[in-house]
Amino acid sequence: MANRTVATAQSIHGTNPQYLIEKAYRQRIYDSLYWKEHCFGLTVTGVMEKAVDLNSIGGCYGANRKPTEFMCLMLKMLQLQPDRQMIDALLDQTDFKYLRALAALYFRLTQPPKDVYSRLEPLYRDYRKLRMRTSDGPFELTHVDEFVDSLLRENFVCYITLPLLTKRIALEDAGALPPRISPLDDEYESSSSDSES
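Quick note on numbering: this note's numbering labels position 45 of the sequence shown as 45, and the sequence is numbered without any gaps.
For the record, the hints were derived by calculation from the structure and aren't laboratory data.
Here are the simulated distance ranges between beta carbons:
#, residue 1, residue 2, range
1, T161, D31, 16 to 26 Å
2, E146, K167, 14 to 24 Å
3, E154, R131, 14 to 24 Å
4, S182, F40, 36 to 46 Å
5, G62, D173, 38 to 48 Å
Backbone N, C-alpha and C define an ideal beta-carbon position, used for all residues, glycine too.
Modelling step: build the complete structure from the supplied sequences, incorporating the hints.
What follows is the structure in structure tokens.
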């Protein structure tokens, strides 16, 4: 019962939301102690409360590839399928960086490409530090903007194969997205005008 998707959940990318995480990885999460002790019977609100207490992001670690708490909560979110307004609120909040990272990964997994670019690109302005657990076990330092960049550019994040994301330039050419304006463009133009004078 605890490992089933809620009955009201809609399919995402043509499949059960939990199936966005590969079967072997899902089974490791189901067998983990954190899942059994902390994720059983959680509601969406409970997942958010647990996410506030997170202290790192990452996929699996150690010799036996133990799943992180971050990924256990991600699978629980896929089971519960919170509504879009709640995920937008989690992306907009700035108090809890690991909760924001969890919402960003969930958004990347579940939403269409146009929405992914329009909602995740503003997170490039979040430069807060994140601890990322590596596959060997120790932690590395990363930042929220780097994590978001990996969500937008890479196919494999936190041991999850991400759904195919249409290139941004193709969406711009189709008129679905406006051209991206980098905050660095203003600095580049001002420095080039200073060097000319």
